[in-house]
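Number of protein chains: 2
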Amino acid sequence: MSHPGATATDRHKVVIIGSGFGGLNTAQKLKRADVDVKLIARTTHHLFQPLLYQVATGIISEGEIAPPTRLILRKQHNAQVLLGDVTHVDLANKTVTSELLGHDYVTPYDSLVIAAGAGQSYFGNDHFAEFAPGMKSIDDALELRGRILGAFEQAERSSDPERRKKLLTFVVVGAGPTGVEMAGQIQELADQTLKGSFRHIDPTEAHVILLDAAPAVLPPMGKKLGLKAQARLEKMGVEVQLNAMVTDVDRNGITVKDADGTIRRIEAACKVWSAGVQASPLGRDLAEQSETEIDRAGRVKVLPDLSIPGHPNVFVIGDMAYVEGVPGMAQGAIQGAKYVSKIIQNEAKAREHGTIPKPREPFSYFDKGSMATVSKYNAVAQVGKLEFGGFIAWLAWLGLHLIYLVGFKTKVATLLSWAVTFLSRERGQLTITEQQAYARTRIEQLEDMAASLRETEKAAS
Amino acid sequence: MSHPGATATDRHKVVIIGSGFGGLNTAQKLKRADVDVKLIARTTHHLFQPLLYQVATGIISEGEIAPPTRLILRKQHNAQVLLGDVTHVDLANKTVTSELLGHDYVTPYDSLVIAAGAGQSYFGNDHFAEFAPGMKSIDDALELRGRILGAFEQAERSSDPERRKKLLTFVVVGAGPTGVEMAGQIQELADQTLKGSFRHIDPTEAHVILLDAAPAVLPPMGKKLGLKAQARLEKMGVEVQLNAMVTDVDRNGITVKDADGTIRRIEAACKVWSAGVQASPLGRDLAEQSETEIDRAGRVKVLPDLSIPGHPNVFVIGDMAYVEGVPGMAQGAIQGAKYVSKIIQNEAKAREHGTIPKPREPFSYFDKGSMATVSKYNAVAQVGKLEFGGFIAWLAWLGLHLIYLVGFKTKVATLLSWAVTFLSRERGQLTITEQQAYARTRIEQLEDMAASLRETEKAAS
Numbered sequence: 001m002s003h004p005g006a007t008a009t010d011r012h013k014v015v016i017i018g019s020g021f022g023g024l025n026t027a028q029k030l031k032r033a034d035v036d037v038k039l040i041a042r043t044t045h046h047l048f049q050p051l052l053y054q055v056a057t058g059i060i061s062e063g064e065i066a067p068p069t070r071l072i073l074r075k076q077h078n079a080q081v082l083l084g085d086v087t088h089v090d091l092a093n094k095t096v097t098s099e100l101l102g103h104d105y106v107t108p109y110d111s112l113v114i115a116a117g118a119g120q121s122y123f124g125n126d127h128f129a130e131f132a133p134g135m136k137s138i139d140d141a142l143e144l145r146g147r148i149l150g151a152f153e154q155a156e157r158s159s160d161p162e163r164r165k166k167l168l169t170f171v172v173v174g175a176g177p178t179g180v181e182m183a184g185q186i187q188e189l190a191d192q193t194l195k196g197s198f199r200h201i202d203p204t205e206a207h208v209i210l211l212d213a214a215p216a217v218l219p220p221m222g223k224k225l226g227l228k229a230q231a232r233l234e235k236m237g238v239e240v241q242l243n244a245m246v247t248d249v250d251r252n253g254i255t256v257k258d259a260d261g262t263i264r265r266i267e268a269a270c271k272v273w274s275a276g277v278q279a280s281p282l283g284r285d286l287a288e289q290s291e292t293e294i295d296r297a298g299r300v301k302v303l304p305d306l307s308i309p310g311h312p313n314v315f316v317i318g319d320m321a322y323v324e325g326v327p328g329m330a331q332g333a334i335q336g337a338k339y340v341s342k343i344i345q346n347e348a349k350a351r352e353h354g355t356i357p358k359p360r361e362p363f364s365y366f367d368k369g370s371m372a373t374v375s376k377y378n379a380v381a382q383v384g385k386l387e388f389g390g391f392i393a394w395l396a397w398l399g400l401h402l403i404y405l406v407g408f409k410t411k412v413a414t415l416l417s418w419a420v421t422f423l424s425r426e427r428g429q430l431t432i433t434e435q436q437a438y439a440r441t442r443i444e445q446l447e448d449m450a451a452s453l454r455e456t457e458k459a460a461s
Numbered sequence: 001m002s003h004p005g006a007t008a009t010d011r012h013k014v015v016i017i018g019s020g021f022g023g024l025n026t027a028q029k030l031k032r033a034d035v036d037v038k039l040i041a042r043t044t045h046h047l048f049q050p051l052l053y054q055v056a057t058g059i060i061s062e063g064e065i066a067p068p069t070r071l072i073l074r075k076q077h078n079a080q081v082l083l084g085d086v087t088h089v090d091l092a093n094k095t096v097t098s099e100l101l102g103h104d105y106v107t108p109y110d111s112l113v114i115a116a117g118a119g120q121s122y123f124g125n126d127h128f129a130e131f132a133p134g135m136k137s138i139d140d141a142l143e144l145r146g147r148i149l150g151a152f153e154q155a156e157r158s159s160d161p162e163r164r165k166k167l168l169t170f171v172v173v174g175a176g177p178t179g180v181e182m183a184g185q186i187q188e189l190a191d192q193t194l195k196g197s198f199r200h201i202d203p204t205e206a207h208v209i210l211l212d213a214a215p216a217v218l219p220p221m222g223k224k225l226g227l228k229a230q231a232r233l234e235k236m237g238v239e240v241q242l243n244a245m246v247t248d249v250d251r252n253g254i255t256v257k258d259a260d261g262t263i264r265r266i267e268a269a270c271k272v273w274s275a276g277v278q279a280s281p282l283g284r285d286l287a288e289q290s291e292t293e294i295d296r297a298g299r300v301k302v303l304p305d306l307s308i309p310g311h312p313n314v315f316v317i318g319d320m321a322y323v324e325g326v327p328g329m330a331q332g333a334i335q336g337a338k339y340v341s342k343i344i345q346n347e348a349k350a351r352e353h354g355t356i357p358k359p360r361e362p363f364s365y366f367d368k369g370s371m372a373t374v375s376k377y378n379a380v381a382q383v384g385k386l387e388f389g390g391f392i393a394w395l396a397w398l399g400l401h402l403i404y405l406v407g408f409k410t411k412v413a414t415l416l417s418w419a420v421t422f423l424s425r426e427r428g429q430l431t432i433t434e435q436q437a438y439a440r441t442r443i444e445q446l447e448d449m450a451a452s453l454r455e456t457e458k459a460a461s
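Chains as they are written, first to last, in the UniProt record's numbering: chain A, 1 to 461; chain B, 1 to 461.
These are calculated hints, taken from the structure and not from any lab test. Treat the numbers as computed from the prediction; the structure is a model and nothing was measured. Misleading hints may appear alongside valid ones.
It does not matter which identical chain is meant; a pair holds if it fits inside one copy or across any two.
Subject to a maximum C-alpha distance of 16 Å in a straight line, what follows is the list of computed EDC-like cross-link-like pairs (lysine to aspartate or glutamate) [unchecked claim]: (1) Lys338 x Asp139; (2) Lys409 x Glu426; (3) Lys166 x Glu205; (4) Lys349 x Asp285.
Please build the complete structure, drawing on both the sequences and the hints.
Rendered as structure tokens:
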């Protein structure tokens, strides 16, 4: 067995939690540092989350936005990638515990960078998740692909007009970038790709509803762009419902409370949740052992150098960190990664030369702007004071996303997938699996069985 | 709602079961026939099964070999595609019953073409399936992709040499084309793509075993080509074990009985089953209602015109049919489809003109040959009396598979994926989901829980 990198046990040990933008970029920026890097993550891939909605709606394959992290870091010999779900950080003993299929592993660190991201938040209603999956992982995207296309298939076989209407109603909760992009893409999938391929239903009659409790679409992008995006969505046929709060979600639909207090019901088989985020539970774990504070969304209130109180060697970056003025987007994570890796590298150098490291400058975020695609050829973008929409914004979106995708071959593959979808009305990735359906059914059966056996047992004792 | 095609209820009704090579080709060949075509299938896609092993080993995406059947048939207005699992054919009443998510649908037919294919056969040991998935569906391929790559990930984290060895041993049962291709690709994945990306294991030390109860590799291709393929596999590092019969499969490995009666054990976490096929249970359904006979593999012994005794309007084609001299391969299904659609079209025309249709000529199979890839740049091929191997055979394999892939854009995408893998050592589709791992773990937990509760219950009564 070869153990390159695993031999240098006396080197400064950097442990990174997470393989998203924050984690991967921290590892990469430490390429030339004289440290030992261990990146521990729950998935084997680096997910390019901004394009997840394109996996869900059949434009690109999961491989294009989720290459294996270890292959990205293959040639970086001071780095190793370990699969595992980090369940605990022990600040006193400076170790991280991760779990893989029932085995627990304890990994010591000198410096720790926590970039475990955020999951979907259902604001205390976790039972919504079963009926309205989020948009945070490859699993979510493939599950939603199956549900969206499956709804059309079921409608085609149904002769009950009520049931058919329910199956052809799609509700996207949350009008942030992901929600806007999902709503637009479900509508385009129905109107363009699926058009003419059914005989008993007309897929263009699908009813897509984008819903938010807030009074605007894309609130962080400002009123002007929000209205622009909303107008474009409405022109495409998406119904935008604002000031509408979701009070319940079940198998058959959702219940909504409007601003005037009216409670109403939308019957819809397929729901997508993109309304809120909840940071990784590791934030709470830190708060229990230190002076660290977390906000309502579970985000860690970091110090100006992105470390936590009393532990200058423990950093939190990306969606898990709360920093005034830094949005929970890729740019925040990437810049945080750059900043902390610089500190780690400088301090490693100082130790090596026996000098005193330069005092840490506080982290400052440079806002490169933000953008969201609404439909084919149409996006909205904001760069500093500049706000623009339409085709130019869409071209900018296209170029920027291509630049940020990891790997030349991925860029070519994605460009080809986009050519297929944007120049024609086709989509190359509409395959759905039986797996989800089967696994879910089996879990439900077994849970019922276990429950009934537990009842019998109780009755017997 | 638009109902094109659904209005002509007085036309001759052709029902096709299955969306594989047989089913899809039958529908397509009836394009110009004055009949009403309903294709009912269990999956929404047409699967190009010969390339399934490339999905399992991360070369291509599922979208490239499994486009939605209804999009392929979109412009064929006399055809409709219905999702459903056909559970029963009623020969007396001329109807087909299909099930979709708990709903049963009854569809009448005038002519019926059954092309429901074959599943994996475990020769009466269906409990092997859990530990050694087959290679018959997109779900199988994605499950195996997760198991293969997951085994390397677990080995990287394990410090127990025994466990590590078990995790890095891969057993492929069945040395037909699929088995040969899987074994070769797992070896190339380890030796080329994954090489250098781990720090605690050397993936090139993975041990791939191809095992068969028969005395030869690729038996239907003849001794010469079998030996050629075997030599090439062995040169790559695959261990070929012949005359070895599997007697048991469990979570940790397999038990094998050699020709001399020796029973031995191979510890291996990841097993692939490609040893035998079992035709769709619909064959038995037909046998129970008619003079139809089925063979041991459940295949229907059809008449010379591919119909069943007493029912000249019911045809069975493809892997479900037993016809002397016709192998269970794509070509058999495609030629069967061409033949039966011609009969249906001729007889429809005769009815229309009030004439007597020409008597049916018996089906005759034209053997176009067969081929299997062993590794990058290496294949074996047999066309008539001509047998050849190596690079030329591989080029022929490449060209033929590209020609048979459905759709121009799919061909371009697949060619690009192949360029990535064959010209470099990369693979573009190595993403694995958490779904399988999670669902399986949960199923196992619940099954254990249910079993222990059942024990308690027994003890109490």
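Cross-check of the supplied hints:
1. Lys338 x Asp139: neither (29 Å within a copy, 40 Å between copies)
2. Lys409 x Glu426: between (22 Å within a copy, 9 Å between copies)
3. Lys166 x Glu205: within (12 Å within a copy, 54 Å between copies)
4. Lys349 x Asp285: So Lys349 and Asp285 fail the 16 Å test inside a copy (31 Å) and across (76 Å) alike.
Violated hints, listed in ascending order, are 1 and 4; each of the other numbered hints is respected by the structure.
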